[in-house]
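We have chain A already, so just place chains B and C on it with the hints.
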Amino acid sequence: MLTRHPALLVVAGWTLFNGLLFALLAGYGEGAVAMWLWAGSLALLAGATAAVLWSVRRGPEQHRRYRLVTGGAAAVLPAAAGAGLLGLATVYGWWMAALAVPVLALAALLALAGT
Amino acid sequence: MHRRSVFDQVFAVETAIALAVFVIVLGLLVFAVVRRRARAGLFVSRRREWKPVELCYAGALAAVAAGLVIYTALANREQGRENDRPVDLRVEVSAFQWCWEFAHPDPAGGPEDEPVTARATCRGDDLPTLVVPTGRNIRLELDSRDVIHSFWVPELRYKLDAFPGHRNEFTVRFDREGRWIGHCAEFCGHRHHTMDFWVRAVSPEEYDAWLLDAQTGQDIPAETA
Amino acid sequence: MTLTAPGRDRDRGRAPGGRPPSRYPSGRRLLLSTDHKRIGLLVLGTSLALLFLLGVLALLMRAQLARPESGFLDSAVYNQFFTIHGSGMIYLVMTPFAIGLGVYLVPLQVGAPNIALPRTTLLGYWLYATGAVIMLAGFATPHGAHAAGWFSYPPLADGRYSPGPGSDMWVAGVFLSTAGVILMGWAVLWTALRKRAEGMTMLRMPLFSWSMVATCLMVIGAFPALLAALVLLGIGRADPSVFDSNLWIIGYQHLFWFYGHPVVYVMFFPYLAAVGEVLATFARRPFFGFRLTVLSLLVFAGLSMSVWGHHMFTTGQATNDYYSLTSIALLVPAGIEYFAMLGTILGGALVFRPPMLFALAFIPQFLIGGLTGIMVGTPVIDYQAHDSYFVVAHLHYVLFAGSAFGLFAAFYFWFPKVTGAMLDDRLSHVHFWLLVAGTNLTFLPMFFLGLQGMSRRIVSYAEFDGFGTLNLLASIGAGLLAVAMLVFVYNVWTSLRWPRPAGDDPWQGQTLEWATSSPPPRLNYTPEHPLPPITSYAPLYDLRRTEDGRAH
Numbered sequence: 001m002l003t004r005h006p007a008l009l010v011v012a013g014w015t016l017f018n019g020l021l022f023a024l025l026a027g028y029g030e031g032a033v034a035m036w037l038w039a040g041s042l043a044l045l046a047g048a049t050a051a052v053l054w055s056v057r058r059g060p061e062q063h064r065r066y067r068l069v070t071g072g073a074a075a076v077l078p079a080a081a082g083a084g085l086l087g088l089a090t091v092y093g094w095w096m097a098a099l100a101v102p103v104l105a106l107a108a109l110l111a112l113a114g115t
Numbered sequence: 001m002h003r004r005s006v007f008d009q010v011f012a013v014e015t016a017i018a019l020a021v022f023v024i025v026l027g028l029l030v031f032a033v034v035r036r037r038a039r040a041g042l043f044v045s046r047r048r049e050w051k052p053v054e055l056c057y058a059g060a061l062a063a064v065a066a067g068l069v070i071y072t073a074l075a076n077r078e079q080g081r082e083n084d085r086p087v088d089l090r091v092e093v094s095a096f097q098w099c100w101e102f103a104h105p106d107p108a109g110g111p112e113d114e115p116v117t118a119r120a121t122c123r124g125d126d127l128p129t130l131v132v133p134t135g136r137n138i139r140l141e142l143d144s145r146d147v148i149h150s151f152w153v154p155e156l157r158y159k160l161d162a163f164p165g166h167r168n169e170f171t172v173r174f175d176r177e178g179r180w181i182g183h184c185a186e187f188c189g190h191r192h193h194t195m196d197f198w199v200r201a202v203s204p205e206e207y208d209a210w211l212l213d214a215q216t217g218q219d220i221p222a223e224t225a
Numbered sequence: 001m002t003l004t005a006p007g008r009d010r011d012r013g014r015a016p017g018g019r020p021p022s023r024y025p026s027g028r029r030l031l032l033s034t035d036h037k038r039i040g041l042l043v044l045g046t047s048l049a050l051l052f053l054l055g056v057l058a059l060l061m062r063a064q065l066a067r068p069e070s071g072f073l074d075s076a077v078y079n080q081f082f083t084i085h086g087s088g089m090i091y092l093v094m095t096p097f098a099i100g101l102g103v104y105l106v107p108l109q110v111g112a113p114n115i116a117l118p119r120t121t122l123l124g125y126w127l128y129a130t131g132a133v134i135m136l137a138g139f140a141t142p143h144g145a146h147a148a149g150w151f152s153y154p155p156l157a158d159g160r161y162s163p164g165p166g167s168d169m170w171v172a173g174v175f176l177s178t179a180g181v182i183l184m185g186w187a188v189l190w191t192a193l194r195k196r197a198e199g200m201t202m203l204r205m206p207l208f209s210w211s212m213v214a215t216c217l218m219v220i221g222a223f224p225a226l227l228a229a230l231v232l233l234g235i236g237r238a239d240p241s242v243f244d245s246n247l248w249i250i251g252y253q254h255l256f257w258f259y260g261h262p263v264v265y266v267m268f269f270p271y272l273a274a275v276g277e278v279l280a281t282f283a284r285r286p287f288f289g290f291r292l293t294v295l296s297l298l299v300f301a302g303l304s305m306s307v308w309g310h311h312m313f314t315t316g317q318a319t320n321d322y323y324s325l326t327s328i329a330l331l332v333p334a335g336i337e338y339f340a341m342l343g344t345i346l347g348g349a350l351v352f353r354p355p356m357l358f359a360l361a362f363i364p365q366f367l368i369g370g371l372t373g374i375m376v377g378t379p380v381i382d383y384q385a386h387d388s389y390f391v392v393a394h395l396h397y398v399l400f401a402g403s404a405f406g407l408f409a410a411f412y413f414w415f416p417k418v419t420g421a422m423l424d425d426r427l428s429h430v431h432f433w434l435l436v437a438g439t440n441l442t443f444l445p446m447f448f449l450g451l452q453g454m455s456r457r458i459v460s461y462a463e464f465d466g467f468g469t470l471n472l473l474a475s476i477g478a479g480l481l482a483v484a485m486l487v488f489v490y491n492v493w494t495s496l497r498w499p500r501p502a503g504d505d506p507w508q509g510q511t512l513e514w515a516t517s518s519p520p521p522r523l524n525y526t527p528e529h530p531l532p533p534i535t536s537y538a539p540l541y542d543l544r545r546t547e548d549g550r551a552h
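Residue numbers (full-length UniProt numbering), protein chains in the order written: chain A, 1 to 115; chain B, 1 to 225; chain C, 1 to 552.
The shape of chain A in the complex, shown without the other chains:
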């Protein structure tokens, strides 16, 4: 599996290398916060590896034909604006989150309409 899919080898291998360094740190007795933190990172990398694994099973790595995405980009601006408003809500209070809700709803609508 790994030799047939070099992309998977790279991501899985890199995750394993991280795991090795993590295990070495455990041997040095670093504190809990650091260990949990790196474990969390390993979980994310494992997720990325799983995503690549799922993808290599579904299709080739090299393409002669591509399916292209068009449309649906209109949702991006309100999505970013809504995220910005949520960010500002942490600064100026939760009434800003109320502003964010309709903006994000608009983004969701546009995203659905575009697909």
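Simulated from the structure, these hints should not be mistaken for laboratory data.
These figures come from a predicted structure and were not determined experimentally.
Not one of these hints is a red herring.
Incomplete in silico selection of chain C near chain A, CB under 8 Å:
(1) Thr34
(2) Ala112
(3) Leu127
(4) Thr130
(5) Ile134
(6) Pro165
(7) Met169
(8) Leu176
(9) Arg196
(10) Met200
(11) Leu255
(12) Ser306
The beta-carbon is built from N, C-alpha and C at its ideal position, and this holds for glycine as well.
Using the frame of chain A, we list chains B and C on its own:
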């Protein structure tokens, strides 16, 4: 001072290695720029790899890295040995926004005895002085009353952070008398840049006299720059 | 390669083969485009503009530090400046520009018509831009912008010691822009892993695209830790009692530096690889030691995830031996990459066009930063150098004398491809030499200042400290840097205003992007500009050799 001498040696070794590497790389670069300029008749390599040379080189790098790791770990251990020495006296170093206090608890005294404390305002020339005897193992106990600060005496070649809610300690011995500046080395706000102090190493007799004076109520004279 | 593009294509009806450089897409098309090239330009343009803005902050700081006890800037303002200068350069300039290079170049280099996940990429840009605006808007608040340093340690950065909305906006801004960068990084990674054209095996991917793989793996693995650190900080700003416990004070540092070290390699690898591409192109031969370099990039990236504690040596609460071991180990992959770069030029025939100048200067300049990095990776040395100007010098050597020179090598190299216009050679040379002089004059004295005992992050220093002369030299150097950058801006402006056509391949490039038009058409490779056969990591070089039948 022990920490300083370890630093000086390690720094000299690493600087020498760094300079050697830099000179070699720069030399090769200059050679390339001068002698490999594109011109008619110049043979251009098409080689994409040269496995045996590359692997030998990687091996050499790994050996250098291993050597450096071992050397620096040993130096670190050597520098830390000072912390294992039996403690002759303790000083409590309190860092706060934006100055320092140095409290010299009397080991013979009881819990109600006020330790001799050096204080100042850290405004203008009014800096607090940490007075210590030469030839004694002094345990400095670092604490903060608010944010993270750092106790740095460049002459010692050493610094250690002062945390609120966590005590950091180290042992130091001064071999000679003198007076040296110290700085706060962790950004701590508005007047971080003024949070300096003096360290003054005096003979043990002078230190005992100073301590006695302070305990009997004489003011600790302010140090000027 | 065949393409199916169901649904609406906004650009249908435009002539294939790209457009002349003087006509730019109008507002909505540029801001909402799913074309990776336009998104890439948004990222690159925004981060370059911010480079100048944040550079001005540095100039003002250098003006303040030129003389002892100067009153040019007061402490409150100065502290905001160094915080936003550092934060901006790292979160908003060097990192996004590196990812932006990937957004623009990776699809072209792997032969794809677009990036994977284009809408996600576009969202990533807008989150980054929104975050940038919010962070910088802190200057407009009554308390001013955040002033606790780019790493923003609590308790100093919590609600008790850094009150004010400016600091909250810093937290929100950094969170949003980092989230955006993570999204873009994932899209670039997915493109390189899953969207390569037929014939492009992993080992035929060019050096730059491989560097983006290593870079984006670090983005995925390490950048979320910053999000966690910011959440912790945000909670602590709302409820400072969180930081009454030392667990979370030191915990924040772990969370932060777990991100804070890999980010500096994210700000290094793409520029290093750009230098590699330039060296090979202008040495007229394929990059030497390609496969071992690819392996060392991946190992370097992996190791970089384990060294973060070297920023915490002086806390007394980290396992220093481990971090010192892994930090020193970094010299192995770094040395391999240097061997490859030197091997490339020593066997080549060198042509000294502007991109090559910057690439060649990168080699010794980054080396100074790297060697001093090994030094501060040694605890014994770091106990003295940490939080002094030695570190300031080290970081500016790697990030400016190194990565920024790589940035300019990349800029000069790919500008003709992106815009279809050539930059002026003479102005480029003036920029280069002024930048070399300014960079070294500014940052070299700082090593000595640090060793003499000058702390970092201080608004002023005393007369009797004796730091005046070296600081004055550094400030003069900064002035030279500013002049250099003005020359650069003038060069770019005049080259775009009165363009000289570049053609498809002005440099005799080796990788796929040079086979298509300048700028490339919407879908990168078309019947007019088809994909050449992909035979190695330098396909155009191979093609030229088979066409020539002899060495060119």
